[in-house]
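Chains as they are written, first to last, in the numbering used here: chain A, 997 to 1422; chain B, 46 to 440.
No lab work stands behind these hints: they were computed from the structure.
Any given hint could be a false lead.
As the list claims (entries may be wrong) - Partner residues aside, some chain B positions facing chain A, computed with beta carbon under 10 Å:
#1 Thr187
#2 Leu196
#3 Ala295
#4 Cys310
#5 Arg315
#6 Gly426
Unchecked claim - No more than 27 Å apart at the CA atoms, straight line, and that leaves these computed lysine-lysine pairs for DSSO-like:
#7 A:Lys1116 / B:Lys168
#8 B:Lys364 / B:Lys337
#9 A:Lys1138 / B:Lys265
To be verified - FRET-style restraints, in silico, Cβ to Cβ:
#10 B:Gly367 / A:Ala1061: 55 to 65 Å
#11 A:Arg1258 / B:Arg361: 54 to 64 Å
#12 A:Val1392 / B:Ala161: 29 to 39 Å
#13 A:Arg1258 / B:Arg319: 24 to 34 Å
#14 A:Asn1399 / B:Asp440: 49 to 59 Å
Note that the Cβ used here is the ideal one computed from N, Cα and C, for glycine as well.
Residues per chain are reported as follows:
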Amino acid sequence: MANAVTRDQAGHRVIAVTGMGVITSLGVGKTDNWAKLTAGHSGIRRISRFPSDGLRTTIAGAVDAEYQDGMTPAEHTERMARLACEEAIAQSGLGTKGHFPGPLFLASPPLEIEWPARIKLAEIAAANADTRYSDLLRVAPKFGSAHGAFNCVIIGENLADNFGTEGSPISLNTACASGASAIQLGLEAIRRGECDAALALGADGSLTAESLIRFSLLSALSTQNDPPERASKPFSKNRDGFVLAEGAAAVVLEDFDHARARGARVVGILEGCGEKSDSFHRTRSSPDGKPIIACMRNALADAGVGPEDVDYINAHGTSTPENDKMEHIGVSTVFGERARAIPISSNKSMIGHTITAAGAVEAVFTLLTLEHQRIPPTINYNVADPAIPLDVVPNVARDARVNRAISNSFGFGGQNVCLVMAREPA
Amino acid sequence: MTERREVWITGVGLLTCLGEGLEATWSHLERGDPPVYDDQGFAPYIVHPLPPINLDKQIPKKSDQRQMEPWQRFGVYAAGLALSDAGIVGNAELLDRTDMIIAAGGGERDVEADSAILTGLRKAANPGAFLNERLMSDLRPTLFLAQLPNLLAGNISIVHGVLGSSRTFLGEEAAGLDAVRIAQARIAAGQSELTLVGGAYNGTRWDVLLMFELSAAPLKDKFAPVWDRGPHGGIALAGMGAFVVLESSAHARARGAGPYARISCICSDRNLRREGEIEATLRRQWTTIAAKIDRAHVAIISGAAGLEPATAAELRVLKEIGLPVRNTGTYIGHGVDTQFVANLGIACAALEHGKLFAPTGTGDLGESPPALSQIIVTNVGNWRGEGLALIERVD
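All chains should be built: construct the whole structure from the sequences, respecting the hints.
Here you go:
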């Protein structure tokens, strides 16, 4: 019955979400996260993983529950990615143990040799005078590291082994938009008819002194360290930067008819994605907001819906002065008069900015918002910014009728992605 | 499956140790001139540095040049060459909807800063505090931006105005092949009309040599062709930038752009690299491609990098296939994520000239077929990933 394919308004195959998994500084799994997210809890704490002497920022949304001493960022990221995938695949009931019937799209942080390994090599080298890279190279063959410990594809390869996904696993990075890009690649593959399902996820466990300092040197991080849970305050007038965080989230994307045919519960519909690159600056958005506006409009057009059809906006909402200002410009342009009436909230107020994972984590939270008909708040909203007159769902979760939502992700380097999600059609 | 559209390569931008532009690399290969490499600068390691390039030609603003580290400059430069070759440079309307898929690994480190910190740490009373203090004072913010893989794409958007969708695939050889595979599939399915695909690599760095020394075998001491590097083999890392412009044939025709070639088939897969698995995957991929070729006019361009057992395994299968083979790595070195796209570019030149280049090393097999019209490009990763791609002349 070739004619029986369910298509959306734009003629695409309909993409269902049949499984979700998430882990953040709030907890492990959907239930724990959702309870804390809607209770307005913060996962931001003082950093204990490494010494914070001399740092301007000493707080983070670390996932310490799944961290063990000595883990590399690759190992920690992979650990969280596995948990998120296990939860998502279990919910979907798709495939069999060790065989997921579709490709893998993983948003992964870039990996490299970290300071503990570099320091260990320097100790083995025991150079008499200055320690040079040539000294490290001299002893490297004795170091005996297994291949891939610092290699950007290791996590994707290990996940592909573990879950038995099909074909060449795709590891990708579009900075803060990465998680959304992974979901977009999965949607496109199913729409092309290459597969009936895809496993898309974002994971980031790369909190180290150096990663924190790098963002700190770009003046991107909040320095209001005390109390930690109050630092991330998106859309507030006194916002002063984001809080670096870790997390992972996975979704099982599946052709709607395929999901229905096997009797799977559809937890939501991924209606469309939009993208638009920004050529203004390496870390700043174009001041006219055009790329952000085009990104949201592309997403709505891809989904075949209009601004009037959107009931909730899951904001990028980083809590940097720049991002939140630009997001307001974008939202108010795309949604016009309605902008003030549409609830828009930032999960980052509670979990911080999970960077590579953010797009996927926030897509899962958006789907949970649709499922539970309850909007998580933007916490720490005590000083309104008159320049951002939006309904940010301040401080307290709200029950609401939410049939369709968008989730924004805007990355350093100018990569912007917007996802459109809806409840399962009745 | 929806109806598939034909996908053409309408632009190539190549920067290798043999020179700037596709023709410079091709003419060196065609003449069979000796490989160009450096065995002094990073002794005992052997690398293939890029010749000096006049950045101003593709990156006019010095402020942009300063915001990048070498690998990003190579990439932005090569991307400009490809856009120019495709005839879309400066065409704001087209560039605004040109998509981009980049294959890139992590960026570059400040080797001097790392060395100074490691030296200082040995005497530091409080190593954690010392590390923080020095990183706060020694790391340059621009260096961080150069370390982000997606900032190559970001810089291409800024410098050349490529403003459609933008994805960056991470890591190693398979990423380059998968970037082309997905770009091709998107165009074939109508998800894109025009996509810039490629990457850049700077292998002339101590920090990447360390990464490879910890995980593979960088070529040391004595240069040899890729096929003849001994039982453990060796990889000669390179400076490289390589981009292609992929386009739907209808879109190219409408704007009067001609193709180098059509992409007819791309196979990409992986295995755990147990004994015989590389061969099994390549043989399976070959059965997909074999049905599409004309044995009288087809040849293979191998992306083998010289690391064992991958290179020997690939050669075993190539010998079974029995077509003429040429490897490029002996000449241009290994550009990791960038290698496949560079080889795709060289394959375009071979199709344009209707012949293969001169053989070098014991794995370069057979004579160039007459009126070469199809090329299979291989892509066997050093650690993971096997792939074959078929491109052919459009007559």
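| When the hints from earlier in the document are held up against this structure, which numbers fail? | 3, 4, 11, 12
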